[in-house]
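Undergrad: Spelled out from the first residue to the last, the chains are:
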Amino acid sequence: MNPFSSGTRLRDMIRAIRACKTAAEERAVVRKECAAIRAAINENDQDYRHRNLAKLMFIHMLGYPTHFGQMECLKLIASPGFPEKRIGYLGLMLLLDERQEVLMLVTNSVKQDLNHTNQYIVGLALCALGNICSAEMARDLAPEVERLLQFRDPNIRKKAALCSIRIIKKVPDLAENFINPVAALLKEKHHGVLITGVQLCTDLCKVSPEALEYFRKKCTDGLVRTLRDLVNSPYAPEYDIAGITDPFLHIRLLKLLRVLGRGDADASDSMNDILAQVATKTESNKNAGNAILYECVETIMSIEDNGGLRVLAINILGRFLSNRDNNIRYVALNMLMRAITVDAQAVQRHRATILECVKDSDASIRKRALELVYLLVNESNVKPLTKELVDYLEVSDQDFKGDLTAKVCSIIEKFSPEKSWYIDQMLKVLTEAGNFVKDEVWHALVVVISNASDLHGYTVRALFRALQTTAEQESLVRVAVWCIGEYGDLLVSNAGMLNVEDPITVTESDAVDIVESAIKRHASDLTTKSMALIALLKLSSRFPSCSGRIKDIVVQHKGSLVLELQQRSLEFNSIIEKHQNIRSALVERMPVLDEATFGGRRASSLPNTVSTSSGTAVKLPNGVAKPSAAPLVDLLDLSDDVPAPSSSGGDFLQDLLGVNLPPATQSEGTNQTPKAGTDVLLDLLSIGSTPAQDNNLSTPDILSSGQDNKPIIASLDLLAAPSLTHTTSSTASNMMDLLDGLGPAPPKPAENGPAYPSIVAFESSSLRLTFNFSKQPGNPQTTMISGSFTNLSSNLFTDFVFQAAVPKFLQLHLDPASGNSLPASGNGTITQSLKVTNSQHGKKPLVMRLRIAYKVDGKDVLEEGQINNFPRDL
Amino acid sequence: MGIRFILMVNKQGQTRLAQYYEWLTLEERRALEGDIVRKCLARNEQQCSFVEHSNYKIVYRRYASLFFLVGVDNDENELAILEFIHLLVETMDRHFGNVCELDIMFHLEKAHFMLEEMVMNGCIVETSKSNILSPIQLMEKTS
Chain A
1 MNPFSSGTRL RDMIRAIRAC KTAAEERAVV RKECAAIRAA INENDQDYRH RNLAKLMFIH
61 MLGYPTHFGQ MECLKLIASP GFPEKRIGYL GLMLLLDERQ EVLMLVTNSV KQDLNHTNQY
121 IVGLALCALG NICSAEMARD LAPEVERLLQ FRDPNIRKKA ALCSIRIIKK VPDLAENFIN
181 PVAALLKEKH HGVLITGVQL CTDLCKVSPE ALEYFRKKCT DGLVRTLRDL VNSPYAPEYD
241 IAGITDPFLH IRLLKLLRVL GRGDADASDS MNDILAQVAT KTESNKNAGN AILYECVETI
301 MSIEDNGGLR VLAINILGRF LSNRDNNIRY VALNMLMRAI TVDAQAVQRH RATILECVKD
361 SDASIRKRAL ELVYLLVNES NVKPLTKELV DYLEVSDQDF KGDLTAKVCS IIEKFSPEKS
421 WYIDQMLKVL TEAGNFVKDE VWHALVVVIS NASDLHGYTV RALFRALQTT AEQESLVRVA
481 VWCIGEYGDL LVSNAGMLNV EDPITVTESD AVDIVESAIK RHASDLTTKS MALIALLKLS
541 SRFPSCSGRI KDIVVQHKGS LVLELQQRSL EFNSIIEKHQ NIRSALVERM PVLDEATFGG
601 RRASSLPNTV STSSGTAVKL PNGVAKPSAA PLVDLLDLSD DVPAPSSSGG DFLQDLLGVN
661 LPPATQSEGT NQTPKAGTDV LLDLLSIGST PAQDNNLSTP DILSSGQDNK PIIASLDLLA
721 APSLTHTTSS TASNMMDLLD GLGPAPPKPA ENGPAYPSIV AFESSSLRLT FNFSKQPGNP
781 QTTMISGSFT NLSSNLFTDF VFQAAVPKFL QLHLDPASGN SLPASGNGTI TQSLKVTNSQ
841 HGKKPLVMRL RIAYKVDGKD VLEEGQINNF PRDL
Chain B
1 MGIRFILMVN KQGQTRLAQY YEWLTLEERR ALEGDIVRKC LARNEQQCSF VEHSNYKIVY
61 RRYASLFFLV GVDNDENELA ILEFIHLLVE TMDRHFGNVC ELDIMFHLEK AHFMLEEMVM
121 NGCIVETSKS NILSPIQLME KTS
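For the record, the sequence lines run as chains A and B. Reading the first sequence from the start, the letters are residues 1 to 874 in our numbering. Reading the second sequence from the start, the letters are residues 1 to 143 in our numbering.
Keep in mind that the hints were calculated from the coordinates and are not lab data. Each hint should be verified, as a subset may be incorrect.
[Stated by the list, open to error] In silico EDC-like pairs for lysine to aspartate or glutamate, Cα to Cα no more than 20 Å straight-line: (1) A:K111 - A:E84; (2) A:K206 - B:E76; (3) B:K39 - A:D360; (4) A:K75 - A:D97; (5) A:K407 - B:E52; (6) A:K169 - B:E52; (7) A:K111 - A:E136; (8) A:K367 - B:E22; (9) A:K367 - B:E52; (10) B:K129 - A:D240; (11) A:K206 - A:D153.
[To be verified] Negatives, chain B to chain A, calculated, CB over 10 Å: (12) R38; (13) C48; (14) S130.
Each residue gets a CB set at the ideal place from its N, CA and C atoms; glycine is no exception.
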């Protein structure tokens with residue numbers, strides 16, 4: 001019986017499946033077949049085994065589970081006949097993978113087959129091994145495969161070579177054994193063996209640097225010669241594709257030459273001629289030729305510099321770029337990205353073509369072109385390039401817009417020559433694609449706007465105009481609302497007009513109108529509405545005449561179901577009604593946010609986005625600030641976690657004038673936290689000291705009036721290290737006594753909250769450990785703990801080591817301790833910082849087990865304990 | 001490592017041949033196949049034959065009713081893979097004589113054998129049609 005006429009049974013099954021009209025029918029047919037196959041397996045049916053396996057493979061391809069057939073594969077492999085083995089191995093490769101334990105059972109069969117007299121069977125075994133062997137199998141069977149590398153039949157040699165690739169990948173230690181046989185393989189004539197030998201050589205070089213050295217010295221010339229023979233070879237019908245003999249071999253050889261030539265001048269030299277020959281002689285009207293040229297260009301780019309060759313390569317790329325075939329253009333764009341590192345000038349010449357590609361109808365080409373453009377931007381061409389990109393933003397499709405917006409914003413930010421241009425471009429982007437703009441981007445825009453004091457009037461007017469025309473883009477609305485709130489008076493008074501502007505007349509009520517419409521828009525989300533509310537508060541102070549109207553608008557949200565809005569509405573309402581005297585102080589101009597520190601912070605990319613301005617957003621004194629400082633923290637920090645618990649909100653009178661204790665302890669604690677912004681810290685400290693003095697002097701002024709744009713920014717930013725605010729706060733701590741909103745005071749409660757008192761975590765007769773907590777705003781799951789150890793005994797502790805363990809839902813990170821010897825009787829302390837991230841924040845409190853080891857008089861002492869008294873909401 | 005998978009899918013999205021050179025579970029395979037095929041079917045003739053998907057590229061070509069998709073690493077030469085697809089089709093054509101989708105379906109194991117001779121562990125092994133087809137023809141003669 002011919003086992004390969006899988007008989008009518010397989011055909012019937014396929015026909016039956018094809019005839020199914022619905023997925024349910026198909027499932028039913030498959031289920032029936034599987035049942036039949038399973039029954040046959042149970043009966044150990046010999047005759048139809050291969051047929052069943054063929055059916056199983058078809059079913060597997062359709063996506064149904066077929067693990068019950070795996071043992072069948074093994075049985076088939078073990079049978080003596082070639083056809084059975086064939087199907088068995090095929091099944092093995094399709095249905096199993098290297099992770100299955102069943103594979104181990106096959107090892108013995110494969111070993112026997114590797115030594116079989118029938119070379120086709122040897123080939124089968126090699127094939128299977130090469131496709132799915134695991135590391136153990138590889139180790140077991142490697143010697144066999146090595147032997148087969150020198151077999152008389154070229155087919156076996158080539159399969160053995162490929163099998164070796166997998167072996168050295170799985171077990172890199174065995175690589176040395178293969179180096180010598182491979183050198184012999186490289187001299188072969190048979191193309192199949194040559195291709196696989198070259199491939200094996202490439203992989204060996206990747207895996208083992210000694211192999212790389214060896215091949216570089218011994219084989220480079222041989223390879224160059226082989227390539228030359230290939231290029232010059234006459235017509236060979238067997239391997240000819242489109243007039244070129246075996247382009248695949250060309251490409252493989254070029255790849256290997258690339259690996260050998262990279263980083264080595266001698267090898268690169270020996271290749272120059274042949275590369276030049278390939279680059280010039282290959283015909284490029286057929287795909288095969290282009291494939292070879294592509295590989296050649298890649299190789300030229302990667303090996304050591306040779307001016308002439310590089311020029312040649314870039315010319316080829318230029319030709320590719322203007323080819324009508326999209327495939328070629330795509331490939332060219334890809335290569336150009338690589339070429340930029342090598343020769344940026346040459347690539348700049350093709351800028352216009354690349355810009356055209358950004359607008360191409362083909363999505364893949366657009367993506368590549370955009371990335372390439374991004375790499376091409378420099379100071380001289382940023383303006384025209386950006387103009388092109390922003391223009392294209394209007395017409396691009398939705399799925400591309402996201403990418404495009406991100407890239408454009410990034411370009412604008414990195415290369416903007418002056419602030420007015422930056423603001424202009426960002427406005428355009430926001431108008432077109434504000435919904436795709438990420439939060440950091442428009443936060444940065446706000447920072448820049450606040451820094452460009454001469455442009456405030458211009459900016460706010462431009463935003464006003466933009467908002468009047470389109471109010472669809474969320475980010476635009478937010479930025480506009482913020483600006484109108486801050487600089488509303490400039491808007492109305494038309495102050496600071498630049499001569500490129502047209503005058504517009506905006507009355508106070510217009511300004512209020514537009515902010516009101518921002519609130520009323522049902523598409524506005526929580527952040528926008530909150531920002532609008534606070535903008536209204538600012539406007540009510542700047543435009544006292546509209547106060548009544550503003551109050552009405554604010555009051556409408558008193559009953560809002562969203563806590564945030566309700567809270568703001570109530571508090572602002574009370575400010576407007578009852579606290580007229582401090583209102584103007586509350587909503588003074590915000591101090592300028594420092595771009596440099598802000599930029600440094602962004603570079604260290606903390607999870608919480610800008611809360612720099614948040615704490616100082618509105619200068620509310622401590623007491624009132626605490627409940628509403630929390631929402632203010634969220635003003636520009638769009639994390640939607642619950643605002644920092646406002647503990648003593650009711651007791652605001654006392655806190656109004658009182659000094660906040662926690663910050664004092666935090667400052668000492670978090671000083672240890674070595675954050676990414678340490679160099680930024682240094683900068684601040686250097687400028688922070690003098691402003692401290694200024695602060696003290698100017699304190700009386702702040703209460704009375706006044707816009708204060710002094711760069712006392714240093715103290716104001718909530719930067720990467722809370723330590724920054726804290727250090728400056730400690731220098732300016734006396735400021736907190738007064739109603740000074742400039743102070744870091746608001747940040748403190750917002751950031752850590754007096755809700756986290758320090759605890760005595762562990763106390764024994766000889767040792768006390770105190771923990772102080774702080775959290776970064778916007779990151780409630782992570783708590784910075786600063787632990788301080790005090791020695792209560794009268795002996796000196798040496799070799800002091802502190803270890804801690806936490807349950808699975810917490811992550812703990814320990815910083816090095818400040819020292820390892822603890823003077824006696826509390827004469828000194830050791831401090832150590834920890835960082836705990838609570839993945840079940842809010843649901844489970846922190847717990848920690850400690851183990852403290854130290855030496856007293858040379859004797860080891862060990863203390864252990866568990867801390868259960870962490871504050872609840874850490 | 002070079003080629004990650006080779007798929008032959010018809011225009012309705014039904015897989016006719018699937019050969020994976022890296023391990024993916026069944027659900028992942030189905031999801032992957034559905035995803036990629038949708039992307040390729042949505043493209044028209046003028047667009048280029050390369051699609052980027054997660055961390056690898058798909059090179060595809062359409063022959064009559066069948067799409068040939070090859071998933072490759074990012075650093076692979078795409079044009080060479082296009083050539084390879086064409087070589088595969090020509091080999092099958094030589095063996096089956098005017099190969100069509102039904103041929104592949106009903107002789108799935110033969111198509112697999114051919115593919116196995118050409119690609120092993122994600123690398124192209126043999127590119128000469130006669131070398132590829134000789135063991136298969138031998139097998140047919142003996143049976």
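Undergrad: Would you mind marking each hint as holding or not holding in the structure?
TA: Hints, verified against the model:
no.	hint	in the structure
1	A:K111 - A:E84	holds, 17 Å
2	A:K206 - B:E76	holds, 15 Å
3	B:K39 - A:D360	holds, 18 Å
4	A:K75 - A:D97	holds, 17 Å
5	A:K407 - B:E52	holds, 19 Å
6	A:K169 - B:E52	violated, 26 Å
7	A:K111 - A:E136	holds, 13 Å
8	A:K367 - B:E22	violated, 27 Å
9	A:K367 - B:E52	holds, 10 Å
10	B:K129 - A:D240	holds, 10 Å
11	A:K206 - A:D153	violated, 28 Å
12	R38	holds, 13 Å
13	C48	violated, 3 Å
14	S130	violated, 6 Å
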